[in-house]
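Each residue of the sequence shown is one higher than the one before, starting from 313 at the first, in the numbering used here.
None of these hints come from the bench; they were simulated from the model.
Accuracy of the hints is not assured; some may be wrong.
Said to hold, decoys possible - Lysine-lysine pairs mimicking PhoX-like chemistry, simulated, CA-CA at most 25 Å apart:
1. Lys388 x Lys447
2. Lys388 x Lys349
3. Lys349 x Lys447
Said to hold, decoys possible - Using C-beta positions, here's what the derived DEER-type ranges look like:
4. Lys349 x Ser401: 29 to 35 Å
5. Gly449 x Val404: 24 to 30 Å
6. Val423 x Asp315: 30 to 36 Å
7. Asn383 x Gln434: 31 to 37 Å
8. Asp368 x Glu438: 15 to 21 Å
9. Ser401 x Thr335: 24 to 30 Å
10. Met313 x Glu334: 28 to 34 Å
11. Lys447 x Pro319: 22 to 28 Å
12. Asp437 x Asp345: 16 to 22 Å
13. Pro359 x Met313: 21 to 27 Å
14. Val423 x Glu362: 31 to 37 Å
The structure presented is a predicted model; accordingly, all values stated were derived computationally and were not measured.
All C-beta atoms in this analysis are idealised placements derived from N, C-alpha and C, irrespective of residue type, glycine included.
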Amino acid sequence: MADLSDPAINEAYLDVRNDKSETTWMLLDYENDRSDKLVLTSTGTGPVSELRDHLDEGRASYAYARVTYANDKESKREKFILVVWIGPSCKVMRKAKISVHAADVKSSLRVFSIEVAAREKQDLDEEAIVVRLRKAGGASYDGV
């Protein structure tokens, strides 16, 4: 079972969800290679590409992000995504625990529109994520 008891995790989650906050993403990493304790390692105010730059190819991480996109000239939407990152150089034993730990993370970071399973940094392409968010959002009148 993953340990998400660090109060900074919930504080960052609420900050990302807060419409008045500039924080748009948070990143959780394991405390060390042998630990199941997750800690908040960074937050940011930029787009998904900024988050992508903080991912370590040798680690497994979880990220929560607010994605803003326009449906048309007059409207914009904000949706939340959960990223489950397993870097290409992540250790085998850590990879084996991810499915169980991801369920624990989802019980703490509850509100999100889509889950993005990322194995390569290119999996976090913002345009592709917006397409998935539009499909998940229901009515779409622009052919997506």
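Hints, one by one, checked against the model:
no.: 1; hint: Lys388 x Lys447; in the structure: 15 Å, holds
no.: 2; hint: Lys388 x Lys349; in the structure: 36 Å, violated
no.: 3; hint: Lys349 x Lys447; in the structure: 34 Å, violated
no.: 4; hint: Lys349 x Ser401: 29 to 35 Å; in the structure: 21 Å, violated
no.: 5; hint: Gly449 x Val404: 24 to 30 Å; in the structure: 37 Å, violated
no.: 6; hint: Val423 x Asp315: 30 to 36 Å; in the structure: 21 Å, violated
no.: 7; hint: Asn383 x Gln434: 31 to 37 Å; in the structure: 25 Å, violated
no.: 8; hint: Asp368 x Glu438: 15 to 21 Å; in the structure: 20 Å, holds
no.: 9; hint: Ser401 x Thr335: 24 to 30 Å; in the structure: 29 Å, holds
no.: 10; hint: Met313 x Glu334: 28 to 34 Å; in the structure: 33 Å, holds
no.: 11; hint: Lys447 x Pro319: 22 to 28 Å; in the structure: 35 Å, violated
no.: 12; hint: Asp437 x Asp345: 16 to 22 Å; in the structure: 29 Å, violated
no.: 13; hint: Pro359 x Met313: 21 to 27 Å; in the structure: 32 Å, violated
no.: 14; hint: Val423 x Glu362: 31 to 37 Å; in the structure: 21 Å, violated
Comparing the model with each numbered hint stated earlier shows that hints 2, 3, 4, 5, 6, 7, 11, 12, 13 and 14 do not hold.
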